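From first to last, the protein sequence lines stand for chains B and R. Take 0 as the starting number for the first sequence in numbering that gives the first Met the number 0 and just add one per residue. Take 0 as the starting number for the second sequence in numbering that gives the first Met the number 0 and just add one per residue.
Keep in mind the hints are simulated off the structure, nothing from the lab. None of these values were measured; they are calculated from a predicted model. For each residue, glycine too, the CB sits at the ideal point set by N, CA and C. There could be a bad hint or two in this list.
[Stated by the list, open to error] Footprint (simulated), chain R over chain B, 3 or more residues, beta carbon under 8 Å:
1) 25-39
2) 51-59
3) 66-75
4) 101-111
5) 127-136
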Amino acid sequence: MENTVSADTYVDVMLRVNGCARRLRLDSRVTLLDALRDELDLTGTKKGCDQGACGACTVLLDGKRVLSCLTLAAQCEGREVTSIEGLATDGRLHPVQEAFIRHDGFQCGYCTPGQIMSAVALLQEGRAGSDEEIREFMSGNLCRCGAYPNIVAAIREVAGRGSE
Amino acid sequence: MRPFEYVRADDVAAAVALVSADPQAEYLAGGTTELDLVLKDGVLEPGRLVDITRLPLRGITFAEDTLRVGALVTMEELAADPTVSERVPFVREALLAGASPQLRNMATIGGNLLQRTRCRYFRDSTVTACNKRTPGSGCAAVRGPARMHAILGASEHCIALHASDLCVPLVALDTVVDIQGVDGSRSVPLTQFYVLPGERPDIENVLQHGELITRIRIPLLPVGTRSGYLKVRDRASYEFALTSAAAALLIEDGTIVRARLALGGVGTKPWRASEAEEILHGAPATGRTFRAAAQAALGDPFTVAGTAFKVELAERTIVRILHTVSGVRS
Chain B
0 MENTVSADTY VDVMLRVNGC ARRLRLDSRV TLLDALRDEL DLTGTKKGCD QGACGACTVL
60 LDGKRVLSCL TLAAQCEGRE VTSIEGLATD GRLHPVQEAF IRHDGFQCGY CTPGQIMSAV
120 ALLQEGRAGS DEEIREFMSG NLCRCGAYPN IVAAIREVAG RGSE
Chain R
0 MRPFEYVRAD DVAAAVALVS ADPQAEYLAG GTTELDLVLK DGVLEPGRLV DITRLPLRGI
60 TFAEDTLRVG ALVTMEELAA DPTVSERVPF VREALLAGAS PQLRNMATIG GNLLQRTRCR
120 YFRDSTVTAC NKRTPGSGCA AVRGPARMHA ILGASEHCIA LHASDLCVPL VALDTVVDIQ
180 GVDGSRSVPL TQFYVLPGER PDIENVLQHG ELITRIRIPL LPVGTRSGYL KVRDRASYEF
240 ALTSAAAALL IEDGTIVRAR LALGGVGTKP WRASEAEEIL HGAPATGRTF RAAAQAALGD
300 PFTVAGTAFK VELAERTIVR ILHTVSGVRS
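Same shape as in the complex, but just chain B:
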């Protein structure tokens, strides 16, 4: 980025991240992804393609899954952001996190935060009716290690369909 920015290319933003109000003064070009990682030190959200193609940067915005790499931080003023760091409560992992561990739903782990955020949203959306439906509605999250079968198994388990 160029360094010669004038005052009117900065924005003041208040984000609610994992339940905490965070006030930031940012270059207007800063994405939600970069604000989380570089300004708030929440590096659980990963930068994969940084172009809306891989899903590694998936977070929940007002409860809905979105790509933080294609969202300006400024657009999130006053909105509720949930990142992977916000899933565990009182030191207990979210059931989807536990299921990913149990089913070995990752290899290198880089896509995993995005996979888990997407899976949490998918379950809320009621899109886990069949393995086919899970695969279709997880298609925005790529895993180059190819952990897909175990990811589907983890989601299926949390959806209550066991190992059918």
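Fit chain R to the known structure of chain B by using the hints.
Relative to chain B, chain R alone:
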């Protein structure tokens, strides 16, 4: 990437006035194409982005056999609408065939219509020959490797594709686009909204700078009409179409009473297949009719080595969807 000023609009008239008065200003809605082209590819360089996502353009209402959809309704919201599922199910099919769940939560209906007609060469600023980016510079895609490109409406000036799935059934349905400008509002049928690239591929539609889509109006299909959307692509999900087709048929006693057909993945704009519809109207619902319609739909394609396969693929896509929708066995 040059710096830009970010402005959050809370009033339609003020937003329209702001952008209309500033040639360097652009609207920002879901951002899924705009921010990609501004932040990542660096091929658009607005001096000011006016965020319209808080404008009151969100509802979906239903009256007089027409669905009125606010421009800021998201793709997921429209896909979840019960009237869409009931009366224009191929709109839902096309919505859910597009992008990914994350992108569909972000992308708006107005933005979907206005996603740039684009190709890899347009997105690569190191490619100098692009009539869309730099009018008069030529078209690298016509001479270079091409695949995800248009064959209808295309010419040696530009073969970039309008990649929307949603717009394919919308153009088949004679959807109307409501537009707000500084001097008032106007309405344009979607079939007349896009312009062919001709010698000015940088001009993609009839909007003047600063005009804002506020709503679209979708005429619903008569009860008894069956519809479907078929998307053919390189992988099973989360991929642009190589070819696609949206069809709606009303068939009585084996005769096609009313037919609507449009194509995706092949056009420089969402492509209404009017010649094919004329063949279908009043004809018996048979494989022979469907094949004749498919050939008419592809008419006079402009192909390069990498896109020649799309002619037969598109014909087969049309024949398949007509069989599926009609229930006539192939």
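Going through the hints against the structure:
no., hint, in the structure
1, 25-39, "holds (count 4)"
2, 51-59, "holds (count 3)"
3, 66-75, "holds (count 6)"
4, 101-111, "violated (count 0)"
5, 127-136, "holds (count 3)"
The structure does not agree with numbered hint 4 stated previously, though it agrees with all others.
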